[in-house]
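> Given the sequences, and given the hints that come with them, work out the whole structure.
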Amino acid sequence: MDIDQKTALKLVKPHLTNKRYIHTVGVMNTAVNLAHRYEVNTNKAKMAAIFHDYAKYRSVEEMREIIQKNGWDERFIQFNNELLHAPAGSYLVEKEIGIKDSEILSAIFWHTTGKANMDPLEKVIFLADYIEPNRNFPGVKEVREQAEVDLDRAVLMALHNTVLFLMSKEEPVFPETLHAYNDLVLEISKQNKKG
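Counting from 1, one number per residue, gives the positions in the sequence shown under the UniProt record's numbering.
Derived from the structure by calculation, the hints contain no laboratory data. Where hints are given, some of them may not hold.
[Claimed, not checked] EDC-like cross-link-like pairs, simulated, lysine to aspartate or glutamate; straight-line CA separation at most 20 angstroms:
(1) K115 with E103
(2) K193 with D183
(3) K100 with D119
(4) K13 with D2
(5) K56 with E96
(6) K44 with D101
(7) K95 with E65
[What the hints assert, rightly or not] Here are the computed distance ranges between Cβ atoms for each label pair:
(8) E171 with Y57: 16 to 24 angstroms
(9) P138 with N43: 27 to 35 angstroms
(10) Q5 with L164: 30 to 38 angstroms
For each residue, glycine too, the CB sits at the ideal point set by N, CA and C.
In structure tokens:
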């Protein structure tokens, strides 16, 4: 299903608070800029960004049910409820909006946790969500600067900051987030040896 930007924003708006809608527009603009810079399909980046928080305000029960019904990793349910909207959102965007593109849906699915072997679109959405202009927390400025020059290193910095933040609060770190971190450390190390 082909949807233009205006229609997509109109479809997502009723599902978000005003603040979250402003965040979504920030993620969209950031994702498009990153997509241009790193030669990622800009239309896919735009659609994934617009719909990345589509399920954010659905009930926890509904999101848990979607994850169980699809046989997805039960750890989404065992960890922080903040993680539920990403996989649930990918399902609901396909069912309710009609977006079938597997790359867009995967970018939505993994935008909060990351995972090992992220493709460029998944990295762009993960990073855009982290660095969009309305975000303001320790370390975000440095990640924004890194995003101008190196996608992988910027994603690695965002993952590093996220893991440290969760550990500082003695909260569990979702396994795929650690896998994403390890995967990028090894990938960057390999690139450095070649270079």
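> Against the structure, test the hints numbered earlier, and report the numbers of the ones violated in rising order.
When the structure is compared with the hints, none of them turns out to be violated.
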